[in-house]
Amino acid sequence: MPTRYGIWIATENDVAPVAHAALPVPGVPAREFISYGRPVINSAGDTAFFGRTDNVPFDTGIWATSAGELRMVVLENESAPGTLGAVFDEFRTNPVLNSNGDMVFWAELKDHTGGVTNLDDSGIWLHSGGTTRLLMREGDSVPILKNAAYGVVNAPTFNDSGTMAYLAQLRIDAGNGTTEYSNGLFRSHTQGGDPELILRGGDTAPGTNGETLLTVSSPIMNSSGNLLFEGRIDNTGQTSDRSRALWFEQNGEIGLVGRKGDTAPGVPGAILGNFEDYALNASGDIAVMTRLTSADPNNPIDSRYALWYYNGLADSLELIVRTGQQFDVNPDPLVEELKVISLITFQGGSTLNGSEGAGLNDSGLIAFDLQFDDGSNGIYMTQIPAPSSVFAMGIAGTCLLRRRRA
Amino acid sequence: MRTRPVMVSGIILAGVFVAHAGAQMQIEQIVYTGTEAAGTDGFTYAGFMDVVVGASGKIAYSASLFDHAGERVRNAGVWTIDAGSETLLGLRGNAAPGVGMEYTGFGSADPLINSNGDVIFVAEHE
Numbered sequence: 001m002p003t004r005y006g007i008w009i010a011t012e013n014d015v016a017p018v019a020h021a022a023l024p025v026p027g028v029p030a031r032e033f034i035s036y037g038r039p040v041i042n043s044a045g046d047t048a049f050f051g052r053t054d055n056v057p058f059d060t061g062i063w064a065t066s067a068g069e070l071r072m073v074v075l076e077n078e079s080a081p082g083t084l085g086a087v088f089d090e091f092r093t094n095p096v097l098n099s100n101g102d103m104v105f106w107a108e109l110k111d112h113t114g115g116v117t118n119l120d121d122s123g124i125w126l127h128s129g130g131t132t133r134l135l136m137r138e139g140d141s142v143p144i145l146k147n148a149a150y151g152v153v154n155a156p157t158f159n160d161s162g163t164m165a166y167l168a169q170l171r172i173d174a175g176n177g178t179t180e181y182s183n184g185l186f187r188s189h190t191q192g193g194d195p196e197l198i199l200r201g202g203d204t205a206p207g208t209n210g211e212t213l214l215t216v217s218s219p220i221m222n223s224s225g226n227l228l229f230e231g232r233i234d235n236t237g238q239t240s241d242r243s244r245a246l247w248f249e250q251n252g253e254i255g256l257v258g259r260k261g262d263t264a265p266g267v268p269g270a271i272l273g274n275f276e277d278y279a280l281n282a283s284g285d286i287a288v289m290t291r292l293t294s295a296d297p298n299n300p301i302d303s304r305y306a307l308w309y310y311n312g313l314a315d316s317l318e319l320i321v322r323t324g325q326q327f328d329v330n331p332d333p334l335v336e337e338l339k340v341i342s343l344i345t346f347q348g349g350s351t352l353n354g355s356e357g358a359g360l361n362d363s364g365l366i367a368f369d370l371q372f373d374d375g376s377n378g379i380y381m382t383q384i385p386a387p388s389s390v391f392a393m394g395i396a397g398t399c400l401l402r403r404r405r406a
Numbered sequence: 407m408r409t410r411p412v413m414v415s416g417i418i419l420a421g422v423f424v425a426h427a428g429a430q431m432q433i434e435q436i437v438y439t440g441t442e443a444a445g446t447d448g449f450t451y452a453g454f455m456d457v458v459v460g461a462s463g464k465i466a467y468s469a470s471l472f473d474h475a476g477e478r479v480r481n482a483g484v485w486t487i488d489a490g491s492e493t494l495l496g497l498r499g500n501a502a503p504g505v506g507m508e509y510t511g512f513g514s515a516d517p518l519i520n521s522n523g524d525v526i527f528v529a530e531h532e
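Chains as they are written, first to last, in our numbering: chain A, 1 to 406; chain B, 407 to 532.
Chain A with its partners taken away, still in its complex shape (with noise of 0.2 angstroms):
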């Protein structure tokens, strides 16, 4: 028999279903959920998920809850609006939700229908108030920028004050029929009006000397629309491997978080490796999680990944844990148990509309898991000092670089 799988909301007194197998599939009938992505919750217990069915060929789609009852809002092979007869194809990445119910949501459209294309097959569309419009469509002219148009879409970030944000191939018509690709990070605002493009690959890295930046990722959004993202730098001429960073944005000022081949602060003979996981709260509080490197190959370290919070006055990582070090299991301040941390887990995002899924929360505490080389784990807390956010910036004013404006 296969795995069934539900999802459930515990509320202070009580646990309720929200969807499971053996509940109706509104919009699907006689058919049953066989599973869901990750479902996300607003500040009203509003929720949403993509699901998939025993049904086929309306196999995917998304629902949401709004004051406990659940309905379908999209289905695979349904038509999408906004375009000309075209469907929505298999869903496959998390709606998201705002404190309003208002719902934004990634979707590909099935190739040949309404004249789709693999040009034109993805994009963005805004739930709101029962209705479903599209915001943005792989193929459409960027607004602001010169022979250019979207090339594929990513799924977006959105926040209660409904600015989204989201990264896209860029596709520029570079004359003779010759076309050159980038991609590029961009915010909007689903009421409309122009995009604003915070970074694309192609323009110096902020932060750096003047350095290439060949890609960026797709962001992570707060309440207040700022951004944390990674990127990939030309590395080209560097004597070891500098090609990944992090930054964070602020009203387009952007300022470089870590970078990969940093010396790693209070780590000796350690630099940074990958960007593993990272979050960001409302108040501009930054967690990250890297791997860590040996500075000189000859000398290995005992630590390969460390937590990290970003102090935004001293414009530097600050140490929370890594593994390789000594640690004080016994919560008796008078008696010492070391165990040497063998792996640290931390789970990255925002605590965007009211919702928290991450490792990271409003007030700068930070939680996270540690296993120890016996086998014991662990879960432990600890509290960014304040001030230490981005916003903290404004005091030190010294990293940010503002971008040239499209």
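Note that these hints are calculated values from the structure, not bench results. Glycine included, each C-beta is placed from N, C-alpha and C at the ideal position. Warning: the hint list may mix true and false statements.
Stretch by stretch, here's where chain B covers chain A in the computed footprint (C-beta under 8 angstroms, at least three residues) [said to hold, decoys possible]:
| no. | stretch |
| --- | --- |
| 1 | 19 to 33 |
| 2 | 121 to 135 |
| 3 | 364 to 372 |
| 4 | 379 to 386 |
Chain B: place on chain A using the hints.
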């Protein structure tokens, strides 16, 4: 839901102090393997996953357990700890509310907390 107090302060900066060459952070132990898991009649924690923290400092997580025979029960359930109070939300083998069947696992629980402290999670059921 079953709730019992646990031996943590619920107040940050009251726990284990960690010193290292860089910044000094005060880190509180919230829960540790080997301690009894709330609502399990004596099963103990074997490992933790999916740790998230909500607005009030409430922590939600899924965990594996050791049963009375010392056998590991993987993806056994979902709990919260809030201000020192540990609460079982769902446990493998317990009735899944609204389904009329039992929970069979929490391998993709991925709990998420809203600003009211409500927790949403995925579970496997019969």
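Results for each hint:
| no. | hint | verdict |
| --- | --- | --- |
| 1 | 19 to 33 | holds (count 4) |
| 2 | 121 to 135 | violated (count 0) |
| 3 | 364 to 372 | holds (count 6) |
| 4 | 379 to 386 | holds (count 5) |
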